[in-house]
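*Asks:* Chains as they are written, first to last, in our numbering: chain S, 1 to 314; chain X, 1 to 260.
Check each hint, because a few of them may be wrong.
[Stated by the list, open to error] Straight-line distance between alpha carbons at most 25 angstroms, and here's what the computed SDA-like set of lysine to any residue pairs gives: (1) Lys135/S <-> Lys33/X; (2) Lys106/S <-> Glu169/X; (3) Lys260/X <-> Val229/X; (4) Lys199/X <-> Ala104/X; (5) Lys191/X <-> Ala50/X; (6) Lys260/X <-> Asn154/S; (7) Lys135/S <-> Ala236/X; (8) Lys33/X <-> Ser200/X; (9) Lys135/S <-> Ala257/X; (10) Lys141/S <-> Ala218/X; (11) Lys33/X <-> Gly138/X; (12) Lys141/S <-> Pro232/X; (13) Lys196/S <-> Thr165/X; (14) Lys303/S <-> Asp222/S; (15) Lys33/X <-> Glu169/X; (16) Lys199/X <-> Lys260/X; (17) Lys33/X <-> Gly92/X; (18) Lys33/X <-> Glu16/X; (19) Lys198/X <-> Glu169/X; (20) Lys135/S <-> Val193/X; (21) Lys135/S <-> Glu169/X; (22) Lys135/S <-> Asp222/S; (23) Lys135/S <-> Gln224/X; (24) Lys106/S <-> Gly107/X; (25) Lys141/S <-> Val228/X.
[Stated by the list, open to error] Computed, partial: chain S to chain X, Cβ under 7 angstroms: (26) Glu98; (27) Leu257; (28) Leu296; (29) Val304; (30) Pro307.
No wet-lab data here; the hints were simulated from the structure. Glycine residues also receive a C-beta, built at the ideal position from the N, C-alpha and C atoms.
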Amino acid sequence: MGNVIVLVNATSDVVDAASAELLTTGAGLGSVVAVVPGGGSDALVADIAQYGAAEVHVVSCPQLSDSLVVAKAALLVERAAETHASIVLVASGLEGNEVAALVAAKLGAGLVTDAVAVRADDGELVVDKVVWAGKYTVTAKVVAPVAVLSMKANSCVAVVAPSQPEVRQAHFDFAAPAPTARVTSIEPAATSSRPKLVEANVVVSGGRGTDGDFAPVEALADALGGAVGASRAAVDAGFAPQPLQVGQTGKTVSPDLYVALGISGAIQHIAGMRTARQILAINSDPEAPIHRLADLSVVGDLKVIVPAVVARLG
Amino acid sequence: MKILTCVKYVPDAGDEVGFESDFTLGRTGPSSKLSELDEYAVEQALRLRATIDGATVTVLSVGPAEAEVALRKALQMGADEAVLVSDEAIAGSDVFGTAAVLIAAAGYLDEVGLVMCGMSSTDAGIGALPALLAEALGWPLLSNAAEVSVEAGQARIVRSDEFGTRVVEAALPAVVSVTDQSGEPRYPSFKDVLAAKKKSVTTIGLAELGVEAALVGAGAARVQVTAVVRNPERAAGRVIVDVDGSSVDDIVEFLAAATK
Ligand SMILES: Cc1cc2nc3c(=O)[nH]c(=O)nc-3n(C[C@H](O)[C@H](O)[C@H](O)COP(=O)(O)OP(=O)(O)OC[C@H]3O[C@@H](n4cnc5c(N)ncnc54)[C@H](O)[C@@H]3O)c2cc1C
């Protein structure tokens, strides 16, 4: 289906998991032009080549860091126009969805955010999206000449298929056509020695039922080599930071194992973990909705059970 | 100055509403209401009103006649006036169609100095509208704010996302969207509910806005829904009742199998 622009956000010298998935998805649809805004190292470019890109465009842009989303979107629009791309793929997220929206607006393209699958069917691009707190999967076809999609993490398995891409260094100056917002301070996302929440094979989440003591949650996560997650009630109560929130307004995770500790299982929480392969729930209330979907449901006190389990795993 | 707050009328997440034959979501479920994520926008608009001289809050919705329910809730929370854009031709619009109507409505209303939105709708969950509004109005975008304030005509937000926490500023007029971290929406008191009864909801159509019907609706949509499938519910597994740690063996065994 022609050229496929894939946005690769350079956060280090390796392609992050979400971008690797996008590169794989893109390669299945056409000829991938990976766009790295703001500059990326040679090591990063080499890593991008692991996933079958035909071209890598490393685009410097002095306005990127102090503008919110608009400069990045304009940079992608320019690349899409230059390469006559018919598809633009970005990773889902607060920023990814907005970048996708702005690019689609400028290109007159069809937009689907938070897509979970995409395929070409008889020359038409067909996209799946999960809506309404995970209840339904909607399939839509893009009827505009260009499609802009933001893809949820874990929509596909990244496939290593090395290529020798043409690498281009380019420069983009963002001249705002109208007044734009200025970023006046940045604090990078906190790093953790644990696996990233959306990429982890094991996620152990705590809810309001932890009563504010996340130590058992963290201890079990560490014993299993997993990531720590939280319900919104736990985040709202200050037990855990918002980036760890799982659910409709937090992260969507799809691990092999999801452990819910002191979480009732509200529909908005389930929306973020319903595709986990196995679910273990520990909740003292036998009527808690989480017990209706867990593979192993334990009705009991997490404060008694979890330390004992951790001791056995230790 | 008007703080124009865009809100959506949506089914409750617990409702069993289906999809229509044209795959549009059945909007009028048994407990359809003001989207919970838009309550945060109304709340922040009301809090900002208290800090800005002469500010008023207008709530705006695009939807069927029943969407008045959502606007009424916002009026009960304390919004000053409400506008509903309702027109058969709008049904089936994609996000660009909805944006076109909201943008026209923002122009139709006088003295709009700030547009407020929630972070996303709770049904379609696109998360694109605030950016599209800012782009079309030519106003700065201050989106997904966990905190928002306005001082001397300058808006300032704190935003946390996949790239960290950023402070972002712009002069008004601007478009601001707020997340569910921005502060709990107020619950209208009995007195508020009574007071809201005196406030009116103005309903207008595309003709008043000067929006051509061909630009909106299913016909103009760049994405067409072709199927909707209900996702299978997960089935309940084994349930064990723990007494003083009696479940530990079973749990350890389950964890070993699940992480193999
Ligand atoms: C628009 C919208 C978006 C939302 N987005 C999200 C989201 O992204 N993520 C999310 O999680 N929520 C979200 N929510 C909130 C959601 O509706 C619930 O309020 C929330 O998930 C509840 O969190 P919880 O299960 O930790 O708390 P509760 O519902 O209070 O449950 C706590 C549970 O702990 C159990 N418990 C207590 N003590 C113990 C003990 N000692 N041992 C074992 N169990 C114990 C209790 O039995 C109870 O079931 C959203 C809501 C709305 C309206």
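*Asks:* If you test the structure against every hint from before, which numbers come out violated?
*Replies:* 3, 9, 11, 15, 16, 19, 20, 21, 22, 30
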